[in-house]
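Put together the whole structure using the sequences plus the hints.
Residue numbers (our numbering), protein chains in the order written: chain E, 8 to 120; chain Y, -17 to 99.
Read the hints as simulated data drawn from the structure, not as lab findings.
Some hints here could point you the wrong way.
[What the hints assert, rightly or not] Computed list of lysine-lysine pairs in DSSO-like fashion (alpha-carbon distance at most 30 Å, straight line): (1) LYS61/E x LYS44/E; (2) LYS39/Y x LYS12/E; (3) LYS39/Y x LYS78/E; (4) LYS44/E x LYS53/Y; (5) LYS(-9)/Y x LYS44/E; (6) LYS44/E x LYS75/E.
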Amino acid sequence: DQQVKQNSPSLSVQEGRISILNCDYTNSMFDYFLWYKKYPAEGPTFLISISSIKDKNEDGRFTVFLNKSAKHLSLHIVPSQPGDSAVYFCAASSTGTASKLTFGTGTRLQVTL
Amino acid sequence: NAGVTQTPKFQVLKTGQSMTLQCAQDMNHNSMYWYRQDPGMGLRLIYYSASEGTTDKGEVPNGYNVSRLNKREFSLRLESAAPSQTSVYFCASSLAGALGGSYNEQFFGPGTRLTVL
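Now the structure itself:
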């Protein structure tokens, strides 16, 4: 039973355009959501997060939107740059669970020139 | 600060051999985690340690054991390696705590690529 789902294994976007990565979850106890970025042969690095009490969080070119009623979140990257080409993982956690994260399967973003 | 370090970076084992993957963090984090990453499967939690002196099973613990040696170090042991354990292993740590929120952010090491023949 996959509690966090990323249904698009890959996405290709032109440089300068918007990249939208999607994530769905099923566990209503999740109250904190994170996006990680992973380059080949490196560990995942934290990108941006959002608490369930908010519906939007912005950090430079990256914005995460949360729709609690739909149990859906998305990561927007504007404008997309070639250096954004990586695998993006969505993750979720619940307060009081030893900070365990449940990860999605990832979306590989390719930003083309 | 080195963050989270893992050794070795690469390892090839024969079926039945044993080995220990080492992980250390210098951020004074309370919780530590071991994940494996397989194609199409994302990151799956093997074991975690909420605090020094405690360890618990994650999603895929079979075939593994862990030791939280002290607050800094958390090792993963394969007693009898199997080809199904061929994977990339990541260690992570977080400040953690009852407050949740940003305390849940995990910091990852660079990974160990393990091949079991």
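Hints, verified against the model:
no. : hint                : result
1   : LYS61/E x LYS44/E   : 22 Å, holds
2   : LYS39/Y x LYS12/E   : 22 Å, holds
3   : LYS39/Y x LYS78/E   : 27 Å, holds
4   : LYS44/E x LYS53/Y   : 27 Å, holds
5   : LYS(-9)/Y x LYS44/E : 20 Å, holds
6   : LYS44/E x LYS75/E   : 23 Å, holds
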